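Asker: Using the sequences and the hints given, assemble the complete structure.
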Amino acid sequence: MSAPLSKELRQKYSVRTMPIRKDDEVQVVRGHYKGQQVGKVVQVYRKKFVIYIERIQREKANGASVYVGIHPSKAVIVKLKMDKDRKKIIDRRSKGRLAALGKEKGKYTEESAAATAMETS
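Going by our numbering, the first residue of the sequence shown is number 140, and it counts up by one from there.
Keep in mind the hints are simulated off the structure, nothing from the lab. It should be emphasised that the depicted structure is a prediction, and the values quoted were computed from it without experimental measurement. Please note that the accuracy of each hint is not assured.
As the list claims (entries may be wrong) - Once the Cα atoms are required to be at most 20 Å apart in a straight line, the calculated SDA-like pairs of lysine to any residue come out as:
#, residue 1, residue 2
1, K179, V189
2, K173, V207
3, K218, G174
4, K213, Q176
5, K146, P158
6, K179, P143
7, K218, T259
8, K220, S153
9, K161, K187
10, K213, E249
11, K151, V207
12, K173, F188
13, K173, S212
14, K213, M157
15, K220, S233
16, K161, L237
17, K146, Q166
18, K220, D162
19, K161, R225
20, K226, K173
21, K226, L237
22, K213, L237
23, K179, I159
24, K220, Y152
25, K226, G174
26, K173, K218
27, K226, V154
28, K186, S141
Answerer: In structure tokens:
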């Protein structure tokens with residue numbers, strides 16, 4: 140389950156999304172709980188495809204407070220909890236992204252278009 144990175148982190152690591160994990164700091168950007176407050180991820184519930192965030196709770200009828208499940212695509216990671224495995228993922232993905240940026244977009248180049256024109260005539 141991945142969540143998008145904030146613009147600052149995207150700029151810093153040149154990676155668009157990262158798998159979300161406990162202790163990441165996120166900000167909800169869609170839905171009822173969207174806002175400026177930043178909360179820490181308390182739990183990642185992979186079976187239900189939701190994350191539980193520190194400050195996002197509601198009261199049940201009996202008075203108990205429970206976390207509200209938020210889909211990870213509706214939250215933005217503001218601060219990553221770094222470890223060596225995550226560092227490895229970022230290095231690998233940013234290297235691939237930089238290699239792709241070096242190539243021009245599109246299927247054909249002038250040389251390949253000229254080569255196919257020569258073959259057909």
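Asker: Indicate, hint by hint, whether the structure satisfies it.
Answerer: Consistency of the hints with the structure:
With a C-alpha separation of about 14 Å, the suggested pairing of K179 with V189 holds against the 20 Å cut-off. Taking the CA atoms of K173 and V207, the gap is near 12 Å; set against the 20 Å cutoff, the hint holds. Restraint check: the Cα-Cα separation between K218 and G174 comes to about 16 Å, which is no more than 20 Å; the hinted pair holds. With a CA separation close to 14 Å, the supplied pair K213 and Q176 stays within the 20 Å bound.
The straight-line distance between the Cα atoms of K146 and P158 is roughly 16 Å, inside the 20 Å bound, and the hint therefore holds. Note on K179 and P143: the hinted pairing holds, with a Cα-Cα distance of about 15 Å set against a maximum of 20 Å. For the suggested pair K218 and T259, the alpha carbons sit about 55 Å apart, so the restraint of at most 20 Å is broken. Between K220 and S153, the direct Cα distance comes to roughly 17 Å. Compliance with the 20 Å bound is thereby established for this hinted pair.
Distance check on the hinted pair: K161 and K187 sit about 15 Å apart at the alpha-carbon level, within 20 Å; holds. For the hint linking K213 to E249, the alpha-carbon distance of about 42 Å lies beyond 20 Å, and the restraint is violated. Of the pairs offered as hints, the one joining K151 and V207 is violated, with about 30 Å between alpha carbons and a cut-off of 20 Å exceeded. Pair hint K173 plus F188 holds up; C-alpha atoms about 18 Å apart against a cutoff of 20 Å.
Between K173 and S212 the CA atoms are separated by roughly 12 Å; this keeps the pair inside 20 Å, and the hint holds. For the suggested pair K213 and M157, the alpha carbons sit about 13 Å apart, so the restraint of at most 20 Å is met. As the CA atoms of K220 and S233 are separated by approximately 18 Å, the hinted pair is consistent with the 20 Å bound. Of the pairs offered as hints, the one joining K161 and L237 is violated, with about 28 Å between alpha carbons and a cut-off of 20 Å exceeded.
With a C-alpha separation of about 12 Å, the suggested pairing of K146 with Q166 holds against the 20 Å cut-off. With a C-alpha separation of about 6 Å, the suggested pairing of K220 with D162 holds against the 20 Å cut-off. For the given pair, K161 sits about 13 Å from R225 by alpha-carbon distance, which is consistent with the 20 Å threshold. Proposed proximity of K226 and K173 is contradicted: the alpha carbons are some 29 Å apart, above 20 Å.
Taking the CA atoms of K226 and L237, the gap is near 16 Å; set against the 20 Å cutoff, the hint holds. Distance hint between K213 and L237 is unfulfilled; the C-alpha atoms sit about 27 Å from each other, more than 20 Å. Restraint check for K179 and I159: satisfied, since their Cα atoms lie roughly 11 Å apart, inside the 20 Å limit. Distance restraint check for K220 and Y152: the Cα-Cα separation of roughly 14 Å lies within the 20 Å cut-off, and the hinted pair is therefore satisfied.
Under the criterion of a C-alpha separation no larger than 20 Å, the hint pairing K226 with G174 is inconsistent with the structure, at around 29 Å. The straight-line distance between the Cα atoms of K173 and K218 is roughly 17 Å, inside the 20 Å bound, and the hint therefore holds. Restraint check for K226 and V154: the C-alpha separation of about 12 Å stays at or below 20 Å, so the hint holds. A distance of roughly 14 Å separates the Cα atoms of K186 and S141; the hinted pair therefore holds under the 20 Å criterion.
Comparing the model with each numbered hint stated earlier shows that hints 7, 10, 11, 16, 20, 22 and 25 do not hold.
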